[in-house]
Amino acid sequence: MTSEAIQERLKTIVKPYINNQENFEKLSKESDFINDLEINSANLVDIVLDVEDEFDIRIENDDMEKMTKVEATVEVIQKKLSQK
Amino acid sequence: MKSSKIISKLPYQEPFLYVKSIDEVSEDSIKGSYTFKASSWFYKGHFKNNPITPGVILTECAAQIGLASFGFYLLSQQRDIDLEQVKLAMTSTNVEFLKPVLPGDKVVVEAEKIYFRFNKLKVSVKMFDVSGNLVLRGELAGVILP
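Residue numbers (UniProt numbering), protein chains in the order written: chain A, 1 to 84; chain B, 1 to 146.
Treat the hints as calculated values from the structure; they're not laboratory data. From a predicted model like this one, the values you see are computed outputs, not experimental measurements. Even for Gly, the Cβ is constructed at its ideal location relative to N, Cα and C. Accuracy of the hints is not assured; some may be wrong.
Unchecked claim - Below, a sample of chain A positions facing chain B; criterion: calculated Cβ distance under 8 Å:
{"hint": "1", "residue": "Ala5"}
{"hint": "2", "residue": "Val45"}
{"hint": "3", "residue": "Ile47"}
{"hint": "4", "residue": "Leu49"}
{"hint": "5", "residue": "Ile57"}
{"hint": "6", "residue": "Asn61"}
Stated by the list, open to error - Only pairs whose alpha carbons sit at most 35 Å apart, straight line, appear in this in silico DSBU-like list of lysine-lysine:
{"hint": "7", "chain 1": "A", "residue 1": "Lys80", "chain 2": "B", "residue 2": "Lys113"}
{"hint": "8", "chain 1": "A", "residue 1": "Lys79", "chain 2": "B", "residue 2": "Lys87"}
{"hint": "9", "chain 1": "A", "residue 1": "Lys15", "chain 2": "A", "residue 2": "Lys26"}
Here chain A stands alone, though its shape is the one from the complex (with noise of 0.2 Å):
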């Protein structure tokens, strides 16, 4: 799967959690999870589970405290699957 059809997935999962607007209407590979979406901590447990369930992958702790990024969550989720 390329990079941005990951994003364009990803997109679709941080939607229910995102706290600006603007910014999510502007989503790039440099957004920032907490910083530019304003998305709550506690709320990016479960998008890593709802990337888990859209994925079918599973992520460890270590590839959690990774993916504060787009384009870093990107390349976690692309590595998962090059190891299905």
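Keeping the supplied structure of chain A fixed, place chain B upon it in accordance with the hints.
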């Protein structure tokens, strides 16, 4: 970990401890109870001359059993930690209140784990009165930091 030990480790005390007993606990669920003392501080004001347990207190009771006590148990099963140092924060509540709970009433709280991952516990919770009537139901979530 024994249920009496769970309660003694909780970071609450009077007048804000709303767990009396933990009767069953496993990897998947917990069951506990509490009896609302007629002398509790909040009945004087909620409501004037018509004491009814506030929904926010029922939610707290459900959370102290379904999130805090359950979380302490789950954490202690995962690793050997000092529970005195654990920090708790409730992060979401989505509950419905179906029947009033009056001064002196005993309630039973049952919570089932939805997930416990990355230090976040989410449960589906139900509270019953002594007649078995459902008085509260919903979902609660919180973070538990060792």
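Going down the list of hints, with the structure as the test:
no.	hint	result
1	Ala5	violated, 26 Å
2	Val45	holds, 4 Å
3	Ile47	violated, 11 Å
4	Leu49	holds, 7 Å
5	Ile57	violated, 14 Å
6	Asn61	holds, 7 Å
7	Lys80/A x Lys113/B	holds, 26 Å
8	Lys79/A x Lys87/B	holds, 33 Å
9	Lys15/A x Lys26/A	holds, 12 Å
Hint compliance for this structure: hints 1, 3, 5 are broken, all remaining hints hold.
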